[in-house]
Amino acid sequence: MPSRPAREPARRPASAVIGVDSSTQSTKAAVVDAATGRLLAVGRAPHTVTGQGGARESDPEEWWQALRTAVLAALAESGLDPAAVTGIAVAGQQHGLVTLDTDGRPLRPALLWNDTRSAPQAAALTAALGRDVWLDRTGSVPVASMTAAKWMWLRENEPATAAATAAVRLPHDFLTERLSGAAVTDPGDASGTCWYDPGTREYDPELLALTGMRAELLSTVAPTGATRAGGLTEQAARALGLPAGIAVAAGTGDNMAAAVGLGLGAEGLLDHPVVSLGTSGTVFAATRNRPHSAYLAGFAATDGTRLPLGCTLNCTLAVDKVAELLGLDREDAEPGGESVLLPFLDGERTPDLPAASGLLHGLRHDTTRQQILGAAYEGAVVAVLRALDELPLDAPDAPLRLIGGGARGTLWVETVRRLSGRPLVIPDAAELVALGAAALAAGAATGRDPVALATGWDTGRGRELPALPRDTATWDRVASVLDRAAPTLLTGPSTHF
Numbered sequence: 001m002p003s004r005p006a007r008e009p010a011r012r013p014a015s016a017v018i019g020v021d022s023s024t025q026s027t028k029a030a031v032v033d034a035a036t037g038r039l040l041a042v043g044r045a046p047h048t049v050t051g052q053g054g055a056r057e058s059d060p061e062e063w064w065q066a067l068r069t070a071v072l073a074a075l076a077e078s079g080l081d082p083a084a085v086t087g088i089a090v091a092g093q094q095h096g097l098v099t100l101d102t103d104g105r106p107l108r109p110a111l112l113w114n115d116t117r118s119a120p121q122a123a124a125l126t127a128a129l130g131r132d133v134w135l136d137r138t139g140s141v142p143v144a145s146m147t148a149a150k151w152m153w154l155r156e157n158e159p160a161t162a163a164a165t166a167a168v169r170l171p172h173d174f175l176t177e178r179l180s181g182a183a184v185t186d187p188g189d190a191s192g193t194c195w196y197d198p199g200t201r202e203y204d205p206e207l208l209a210l211t212g213m214r215a216e217l218l219s220t221v222a223p224t225g226a227t228r229a230g231g232l233t234e235q236a237a238r239a240l241g242l243p244a245g246i247a248v249a250a251g252t253g254d255n256m257a258a259a260v261g262l263g264l265g266a267e268g269l270l271d272h273p274v275v276s277l278g279t280s281g282t283v284f285a286a287t288r289n290r291p292h293s294a295y296l297a298g299f300a301a302t303d304g305t306r307l308p309l310g311c312t313l314n315c316t317l318a319v320d321k322v323a324e325l326l327g328l329d330r331e332d333a334e335p336g337g338e339s340v341l342l343p344f345l346d347g348e349r350t351p352d353l354p355a356a357s358g359l360l361h362g363l364r365h366d367t368t369r370q371q372i373l374g375a376a377y378e379g380a381v382v383a384v385l386r387a388l389d390e391l392p393l394d395a396p397d398a399p400l401r402l403i404g405g406g407a408r409g410t411l412w413v414e415t416v417r418r419l420s421g422r423p424l425v426i427p428d429a430a431e432l433v434a435l436g437a438a439a440l441a442a443g444a445a446t447g448r449d450p451v452a453l454a455t456g457w458d459t460g461r462g463r464e465l466p467a468l469p470r471d472t473a474t475w476d477r478v479a480s481v482l483d484r485a486a487p488t489l490l491t492g493p494s495t496h497f
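Position one of the sequence shown corresponds to residue 1 (our numbering), numbered consecutively onward.
Certain hints may be false.
To be verified - Lysine to any residue pairs mimicking SDA-like chemistry, simulated, CA-CA at most 20 Å apart: (1) Lys321 to Gly231; (2) Lys321 to Gly304; (3) Lys321 to Thr367; (4) Lys321 to Glu331; (5) Lys321 to Arg288.
Treat the hints as calculated values from the structure; they're not laboratory data.
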């Protein structure tokens, strides 16, 4: 079945928008018909991630060059007159810490969301106030991924850099400022910092003071991700080959943009959960309900509703590594039998086990390589679906919307089906983050609600799969090993025998 919106010969649109997906590994820029949501072209450019052990860093200047490369490539592929473009928005990887000097240049590589060196600082922040206080104020318990913990790590380990910092940005904020000249973020991405209170929709002064952060260093929080941050600057317009002055939306985080792309929010679907299978595994839903669970990040959605989200660090990339070690194709797997494999190759965020490594349990003489690989799928999926059970939803029987690269893999889809016991919807659109960003750009250009726009574009339409009986035996086996191992084997070398 062809993708929808489809890349197909059609009339030239009267107006188009550009949605940018600046992820951990690459930038994608989608040129989209503003009236129909039809995907006209996608440009791509890679990012470089460096670091050993728990370190994960990237140069923000490379993000900007990748954005430029991707936009120029997309425009060239579309054959569109750049004068038809009316708006642009960026959706970026969340949480990353970008520190800038007085000229707006990065002082050091950005600390990425999956950099786990800040785990001790996250634990100290949690202990300072207690989990319940953090959940009440921010909706989240600090973990290594959160920006506040990364800032604390920087202050303790690179005090000269922290002292020289004239501005702190999230990855998408940094790029939006390069486009518009405005230091602006949105409620969705701000809610991943542990400085922002989704209830008051403001930075919390006590939390800023606790971490030694000054409010004037941070981006202003716009009402929504579709709020117009400003016009495209002359310098950015020359770099991108676009008209100066077109609308630049405030933008948002990648998960929030995916929700918009699926039509989730006040003007679309509420309480409909999404499971995203990529480098990380995430589960989220737009809802009006307030979450209160340490398994979830209590994010705001970019449209003013809430977007509680559970995130695991280890998903498709970890399972692919297991397949490589076993000398198997990623699809050459079968259910794990008695074996359990917890593929926590990069530490883990949900559950909060930043020092964890992979754990294989339950091998027998008749265990096959295919079963071990199947056990890796099962371990990754159980970790994600445990967070699903914590979402505060009013529609408990709603189908799961399955997105991300894993949604294109037969083994991932079937493992989610049998371990969730729920019907699935697999959207046809493959670039949901970029499409969500495009809807934000269209909202900034027209003043319309971006969720309503995406709903009208029908970007969330997809293949429907009926529920399978839930495989409770496998679920219980994996969950039991995880719960028993976490207090000792998964908390780091210091607790080993």
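So, going through the hints one by one against the coordinates:
For the proposed pair Lys321 and Gly231, the alpha carbon gap of about 44 Å is over 20 Å, so the pair is violated. Our distance criterion of 20 Å between C-alpha atoms is broken by Lys321 and Gly304, whose separation comes to about 38 Å. The straight-line distance between the Cα atoms of Lys321 and Thr367 is roughly 19 Å, inside the 20 Å bound, and the hint therefore holds. This hinted pair checks out: Lys321 and Glu331 have alpha carbons roughly 13 Å apart, not beyond 20 Å.
For the hint pairing Lys321 with Arg288, the CA-to-CA distance comes to about 38 Å; that exceeds 20 Å, so the pair is violated.
In summary, the structure is inconsistent with hints 1, 2 and 5 from the numbered list given earlier, while agreeing with the others.
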